[in-house]
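Asks: Protein chains in written order, with this note's numbering: chain Y, 1 to 219; chain B, 1 to 214; chain R, 1 to 390; chain D, 1 to 214; chain C, 1 to 403.
Derived from the structure by calculation, the hints contain no laboratory data.
A portion of the hints provided could be inaccurate.
To be verified - Quick list of in silico lysine-lysine cross-link-like pairs, BS3-like style, CA-CA up to 30 Å:
#: 1; chain 1: Y; residue 1: K202; chain 2: B; residue 2: K84
#: 2; chain 1: Y; residue 1: K70; chain 2: Y; residue 2: K202
#: 3; chain 1: Y; residue 1: K70; chain 2: R; residue 2: K292
#: 4; chain 1: R; residue 1: K319; chain 2: Y; residue 2: K96
#: 5; chain 1: B; residue 1: K15; chain 2: R; residue 2: K319
#: 6; chain 1: R; residue 1: K292; chain 2: Y; residue 2: K94
#: 7; chain 1: C; residue 1: K163; chain 2: B; residue 2: K8
#: 8; chain 1: Y; residue 1: K77; chain 2: Y; residue 2: K94
Predicted model, so just to flag it, every value in this text is computed and none were measured.
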Amino acid sequence: MDTVEQLRDRLLARFPGAGITVVANPSPAAQHSLLLTAATARDLALFLRDEPGLQFDQCSNVTGVDWPDKEIVDTTKVTLPDPAGGPPKVVEQKSKRVEPGCLEVVYHLYSIALRHGPVILRLRTANRTDSVTLPSLTPVWRSCEFQEREVFDLFGVVFAGHPDLRRILMWDGYQDHPMRRDYVEPDSYEWEPTPHGEVLAKARQHYPAPAAAPEAPKP
Amino acid sequence: MLGTGLIKGLAVTAKNLVGSYHDPARYTTLEYPEVKPKLPEAYRNFPFLVTENATDPMGTLRCVACQICEKECPPQCIYIEKSKDKKPDAAGKPQIYPAVFAIDTSVCMSCQICVEVCPFDAIKMDQEYEIATTDRFGALLLNREQLAKPNSYYHQIHPTEAVEVDARLAEERRAAEEKAKAAAAAKSAPKSAAPAPKPPAAPSAEAPKPPPAA
Amino acid sequence: MSVSDLTPLSAPGGSTVRAVHDEFHGDLLEVSMGPHHPSTHGVFRMIVTLDGETIVKLKPVFGYLHRNHEKLGENTTYLASMPYTDRLDYLNSMTNNWAYAVAVEKLAGLAVPERAEYVRVILAELTRLLNHSCLAGFLMQDCGCSGTPLMYAFREREKILDLFESLSGSRMMCNYQRFGGCRVDPSADWLAGAQRLTDGYGAFLDEFEALLTGNEILMARTQGVGRLSSALAISAGVTGPALRATGVAHDLRKVDGYGVYPRFDFRVPLGDHGDTYDRYMIRILEMRESLKILSQALAGLPGGPIMDPKAKLRGFRPKAGEAYGRIEGPKGEIGFYLISDGSANPYRYRVRPPSFINLTILEDMCLGRTVADAVIILGSVDIVLGEVDR
Amino acid sequence: MSDAAPAITQAERDDLRRNGILLTSLEELYNWGRSHSVWPLNFGLACCAIEMIAASMARYDIARFGSEVFRPSPRQADLLIVSGTVTKKMAPQVVRLWNQMPEPKYCIAMGACAISGGPFKQGYNVLKGIDRFIPVDIYIPGCPPRPEALLHGLVQLQAKISGQPLTGPDAPRHLRTDIECDCPVPEFGAHDLEPPQNPAVWTPPPAVVRPDKA
Amino acid sequence: MIAVAPTSDRFLEVAPLQLRDWFIGLLPQSLRWITSGLITVVAILAVFGLLFAYLTLAERKILGRVQNRPGPNRTGWFGLLQPFADGVKALTKEDVVPRDADQVLHYLAPVVLVALSLLGFAVLPFGRHLVPVELDAAVLYFFAAGAATELAVFMAGWASRNKYSLLAAMRALAQLISYELPLLLSFVPVVMLAGTLSTTEIVTAQGGWTGGWIPHWYVLTPWGFAGFVIFMIAALAESNRSPFDLPEAESELIAGHLTEYSGFKYALFFMAEYFGMCALSGMAVTLFLGGWQAPCAWLEFIPSYAWFAGKLLVLLLGFMWIRATLPRLRMDQLTRLAWKFLVPLALINLGTAAFWSLTAGWTGPLQLVRWAVALALVVTPFVVMGRRLTAGVAPRTYRYAAS
């Protein structure tokens with residue numbers, strides 16, 4: 001099978017200007033992936049499925065990944081001339097910037113007919129709040145149907161063109177997307193005999209007085 | 001012909017019906033309250049704390065409250081508070097001991113990870129399973145006193161493993177003593193001999209790093 | 001696409017029973033099967049729209065056992081997720097362990113000693129025997145047997161569980177595989193026990209087949225019921241025996257050749273009809289092939305260490321990166337997708353659950369059949385809710 | 001609760017029996033009947049359900065206790081074995097099933113998940129114990145409990161039933177007027193179940209506050 | 001009607017009747033008639049009530065043994081008190097009636113069902129002198145009463161206002177009506193040959209032995225055997241037993257028409273099922289197995305009712321054995337089996353019986369011809385129609401992947 005770079009070139013030759021980036025994977029697994037743009041994703045997927053030499057007929061795994069907004073502190077060294085006329089000082093300047101996060105959907109493709117794979121496709125939303133629509137690949141691979149619903153449910157990615165986009169694991173009427181990294185559970189603290197971490201923090205919050213008074217916790 | 005398959009099936013059940021009266025392979029019931037199951041040595045159900053001496057369980061706990069098991073426990077069902085003072089352990093060396101050691105058996109999944117990560121062979125897996133109770137909060141939270149069981153009990157339930165552990169501990173103790181002696185001879189200054197546990201990695205404290213793929 | 005026009009359920013609880021009106025047939029009957037229903041293998045729910053007893057629409061509802069496996073996996077260390085994988089597909093903890101270990105080993109580039117690979121194969125094939133026997137038993141239960149085949153299947157399951165228990169310490173939740181090997185080395189006694197089981201299992205299969213395979217009622221109930229075409233099966237990501245029953249030669253043990261499987265001589269049975277009977281028979285035949293693998297693996301088990309000496313138990317932090325590892329579980333392709341950011345916990349921990357994805361085509365198989373058929377079609381897909389909902 | 005002081009002491013009961021008091025005999029007959037014919041609901045939730053099924057299989061044979069009649073309809077069941085993780089999505093259904101069962105009925109929380117959420121208690125969709133919504137008679141810890149542990153729990157339940165007086169404060173739930181037997185079914189909210197627990201059933205224990213944790 | 005115990009028979013044979021007569025003799029004349037009737041009713045209720053109790057236990061134990069386990073054995077010695085514990089529990093269990101259910105019908109259904117299923121016992125000849133009611137058209141009465149139970153099952157399913165119950169009611173109706181026909185057709189040859197509709201006379205017609213060893217039971221003739229098999233299959237279906245337990249198909253319809261019944265009403269349904277099973281088995285014994293007749297002449301010293309009971313128990317064991325083995329049919333297959341297989345077979349069997357009746361005088365080598373022709377008339381349609389019934393259903397061979 002082609003390497004990822006060859007595959008990208010092959011796709012670009014067929015779809016010039018499709019905007020395909022190879023995302024390298026530094027781990028020993030070396031399963032590199034292709035980052036697609038939302039606009040051309042479905043055409044590329046169809047091509048991958050139907051092109052005789054590729055025939056990625058099975059979309060094995062679909063999953064979401066949440067990359068929250070990150071505050072990045074850039075440190076730059078600036079040489080300031082000393083107003084007193086001494087040797088110029090090297091001062092570290094820190095500037096903060098927020099790298100916008102995104103929701104990412106990852107597809108693992110295999111070919112049952114030709115027995116090769118995986119080819120990993122990634123799609124990213126523009127941000128995590130209002131612009132979270134991606135094209136659904138369910139019309140290309142039926143196996144995406146439930147898995148995309150799951151990504152919609154747990155991550156909040158909206159798949160345009162999905163035939164039946166409803167919550168799948170949580171109940172309808174549930175409003176959160178619990179697999180996002182910034183999801184906060186509702187505070188239904190109950191007495192827990194072995195508190196740790198967040199639970200311990202909650203315990204402290206619910207029992208502000210350290211006295212071991214036998215009182216019921218707040219409902 | 002229609003019916004042969006049915007008759008074959010009926011023959012199988014008839015064979016089992018008759019077989020249940022004379023063939024042990026076709027009568028597999030162990031009548032539980034009277035006949036207890038023969039548990040394999042490896043069987044594990046809930047942890048317990050090993051003490052060296054049955055007469056003074058609290059004084060001879062092997063546990064030194066290093067809290068590794070507490071941090072590694074997947075469902076976070078162990079709770080330890082370190083003592084403020086030190087007490088001599090079974091070998092007579094002053095050690096920190098667990099002032100509070102609680103395991104919530106209503107959460108524990110008997111995965112044995114606490115046993116695997118314990119550097120002191122202080123926590124081992126029990127084989128007790130008849131623990132159904134009507135008392136949710138009182139009976140299922142085991143404290144230090146309830147968890148402490150003597151080494152002889154450990155020998156009883158995991159004989160081969162316990163012998164290995166004893167040998168290893170004796171070896172460590174001997175090595176430590178020799179080292180201490182050598183050190184004392186060299187510097188004539190006391191030195192801690194027990195292997196100090198490395199502080200384990202704090203779980204999930206850091207903010208996520210940039211996307212590896214980006 | 002057959003999934004289309006069901007509006008979101010307004011009342012997700014209880015038996016949402018409402019009449020669906022249809023111009024030609026008058027009122028259709030909508031029945032909610034599950035989450036408490038004897039045949040749903042747990043807490044699965046199907047909203048079935050019936051015309052008489054014929055199914056005109058079937059909507060699966062998931063999530064009644066959604067216990068946040070993936071979220072928990074992201075909040076704990078790599079090692080701590082291992083006992084949780086036991087509880088995914090709780091019939092097959094050994095293969096779940098293995099799939100997870102494979103993914104982590106890929107992520108961290110760990111080698112596995114040869115002996116451990118053999119032991120993994122032995123345990124995986126035992127698990128396959130266990131799963132397929134139980135599935136056959138449950139399927140017969142769905143067909144209306146009064147427990148007898150299930151009892152026979154569980155009789156054999158107990159023997160396998162005894163082996164698992166004496167090796168790993170627990171009947172179901174083995175927590176046995178580690179990154180870079182296995183936790184305990186099986187003793188000679190244990191291997192002899194496994195050999196005895198392997199030798200005796202064929203007789204059980206013969207008896208089981210005598211009880212059921214030629215049974216006219218069973219054949220009438222299952223043949224031609226729940227047909228699945230190979231094209232749809234591939235597109236829908238169906239894997240495992242359900243895919244092979246449609247005639248697609250796809251077994252990861254052959255395709256990926258992971259572990260030491262290429263060293264063993266075994267065949268992959270294929271069905272021609274893709275119906276319930278084929279799915280049942282493929283599993284029976286696969287068990288016979290598993291017995292072949294078992295005797296070869298037990299005979300060829302090499303000595304040596306069971307764990308990679310370089311593997312660390314605590315403080316395991318793979319380098320940043322990602323990996324997708326998969327094996328052929330008894331229910332199909334079970335895979336784990338891990339993203340590491342270099343910390344002690346995986347940044348993203350994803351399970352590719354075969355029984356969840358195999359359910360994609362449940363409605364396609366059931367349309368036009370009766371309620372009684374839907375029950376056995378579901379049974380023949382072989383789901384475990386712990387894995388479906390995670 | 002069985003450990004509370006019984007309304008009639010054993011001596012008094014013996015006395016009554018000697019004097020041929022009808023009530024005692026009726027009470028005994030009633031308790032004997034219902035304790036020896038506990039039909040469980042054919043209701044499995046998760047991993048523990050497999051062990052529950054195993055308990056009804058040949059090796060363990062729950063039938064010996066007269067309890068192999070797993071009824072699929074809650075109307076004919078006496079015992080709800082909550083065998084596995086109760087998720088928030090499932091909790092209303094479990095409560096509804098409980099309400100649909102006719103009195104006298106019993107509930108066994110089998111396994112860590114049913115008691116407290118167990119290893120999954122940190123999950124966002126996991127109920128931290130079914131006793132938040134319905135009264136539980138017997139808790140069987142373990143993950144999953146061995147089938148023998150379930151049988152042990154069943155024996156405990158039978159003992160509990162046999163010991164129940166029909167009058168007084170220790171009378172079974174359904175014979176008392178001061179307890180509402182129907183449990184309100186929680187509703188799905190935007191973030192959580194509403195209410196997250198039923199205060200009529202679930203009273204948290206006297207809190208053990210552990211603020212000194214390092 | 002007071003049947004005075006005949007004195008010519010052996011003591012054991014008439015002992016029950018003499019006991020009854022002695023008791024009635026203690027009463028004033030005006031009470032004798034009603035008491036005699038009541039005693040019969042009470043005896044039947046007691047015997048079959050007890051039989052029901054122990055049948056449930058036997059079924060659980062046999063199922064257990066088939067499944068390599070002991071079954072209930074801890075309640076009382078050997079588990080013998082288990083049915084009574086179940087009874088106490090069922091009696092004291094809360095009775096739940098769904099709010100939306102049809103209260104009257106919901107209440108009536110189990111009562112009607114038990115009442116109707118008991119009616120059949122009235123005409124069964126339990127022993128040489130033990131016939132509760134002597135009717136000339138006893139067989140007709142029996143099946144009329146039996147057919148009415150369908151009504152009760154439908155009532156139960158309809159009244160519960162549960163979708164599963166409703167589906168079950170539909171299934172029950174279709175099934176019971178389908179199997180009524182083969183059930184009736186299967187015994188018509190018996191009536192033809194015996195020339196009577198009275199159960200006692202049918203039993204008497206099967207009396208006697210060839211050479212003192214081979215009884216003249218109808219089941220031992222080709223047409224009788226075919227009729228017996230058809231009758232038993234239909235009886236399985238009529239009493240909703242596996243593999244025809246579709247109305248309460250556990251894996252499909254929860255508990256079918258019983259879904260909404262709790263406590264003692266549920267126990268009544270259970271009881272009715274066993275009563276129906278007993279009554280149909282009793283009828284099969286009467287029609288085909290020679291009723292209370294002993295199998296050989298020298299075994300006649302055993303009282304006739306013991307023979308009846310023995311044969312009944314063997315048939316009931318068969319019911320349980322089948323239940324322990326077979327999977328369930330689907331609705332369409334079930335009706336197809338009735339209409340396309342059992343009914344034509346029963347009709348052909350009618351012809352076979354006619355042939356048998358017409359050739360009653362054949363002797364010597366002709367006797368062999370008679371048997372051969374009758375056997376061919378039974379076996380050929382069975383094979384031919386069996387082929388057609390199972391068309392497209394066959395064991396398969398499987399291929400293996402190339403690599």
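Asks: If a hint holds in the structure, say so; if it doesn't, say that too.
Replies: How the hints compare with the structure:
no.	hint	verdict
1	K202(Y) x K84(B)	holds (25 Å)
2	K70(Y) x K202(Y)	holds (26 Å)
3	K70(Y) x K292(R)	violated (54 Å)
4	K319(R) x K96(Y)	holds (27 Å)
5	K15(B) x K319(R)	violated (60 Å)
6	K292(R) x K94(Y)	violated (66 Å)
7	K163(C) x K8(B)	violated (37 Å)
8	K77(Y) x K94(Y)	holds (9 Å)
Going through the hint list in order, the structure does not satisfy hints 3, 5, 6 and 7.
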